[in-house]
Amino acid sequence: MENEEQLAKEIDQEFSEELLEEERIVEALLFTMGRSVGIDEIATALNAGKKIAQDAVDRLIAKYEARKGGMVIKRLEHRYQMAADPDCYPALIRVAKQPKKPVLTDVVMETLSIIAYKQPVTKAEIERIRGVSSDHAVNRLVEYGLAYEVGRLNAPGRPALFATTEEFLRRFGVSSIEELPDLNPEVAAEIKQEVDEEVVDIMGHAEGEEGSTENAEDSEGAAQPEGKDENHA
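For the sequence shown, the working numbering gives the first residue as 363, with consecutive numbering after it.
Among the hints, a few may not be true.
[Said to hold, decoys possible] Simulated pairs of lysine-lysine, BS3-like, Cα-Cα distance not exceeding 25 Å:
no.	residue 1	residue 2
1	459	480
2	425	413
3	436	425
4	425	459
5	412	436
6	485	459
7	412	425
[Unchecked claim] Just the calculated beta-carbon pair ranges, DEER-fashion:
no.	residue 1	residue 2	range
8	457	511	36 to 46 Å
9	432	395	38 to 48 Å
10	540	396	22 to 32 Å
Honestly, the hints are just simulated from the structure, not real lab data.
Positions of the beta carbon are idealized from the N, C-alpha and C atoms, including for glycine.
Use the sequences and the hints to build the structure in full.
As structure tokens, this is what we get:
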């Protein structure tokens with residue numbers, strides 16, 4: 363009986379040391395990279411699966427939160443980054459020069475809000491909602507690192523689609539866009555209607571072009587002498 367208990371203790375100790383080693387590796391990785399790190403990268407560092415990597419990160423975050431030290435691990439969507447605790451900023455600023463944050467005008471903030479709540483979204487959709495050109499505002503947001511081109515809409519001209527960045531999450535103190543406060547229902551409905559109308563216009567334009575092409579082809583076919591139309595028996 364004593365041998366079994368001793369064996370159980372040794373197994374528990376070995377398991378605990380293995381978990382601690384995983385946490386040490388994750389901590390070293392986050393500190394060394396100096397940027398947000400995804401679960402895939404953490405799993406690679408641990409030479410393990412994503413489940414083990416996620417568990418190791420979660421344990422490490424819990425320990426950091428419990429000890430209330432000068433460093434924290436921030437969740438940024440599905441990525442993680444080591445950073446100084448915001449409570450320490452006043453002390454840090456006395457030594458390190460505070461970086462100058464870009465000033466967001468009302469126009470830029472309005473544009474950023476539309477992107478944040480409707481992403482991914484095109485400039486045309488933004489302009490329809492705002493009622494004015496948004497080139498300058500969107501370009502400023504890209505320049506400030508708060509928005510970026512995430513892809514292209516499958517429509518004529520393939521307009522660029524914009525979404526918010528990790529810097530946006532850091533700047534506004536949220537871990538995910540799901541944490542953004544809910545819009546006023548009336549405002550949300552109005553934005554959705556504007557975007558839906560824009561998509562319908564874009565797709566309708568595409569169908570119109572296809573229809574014009576088909577009509578032209580039909581006209582050419584009709585002009586062929588009878589008996590030479592390969593599309594008819």
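Honestly, which of those hints from before does the structure not fit?
-> 1, 4, 6 and 9
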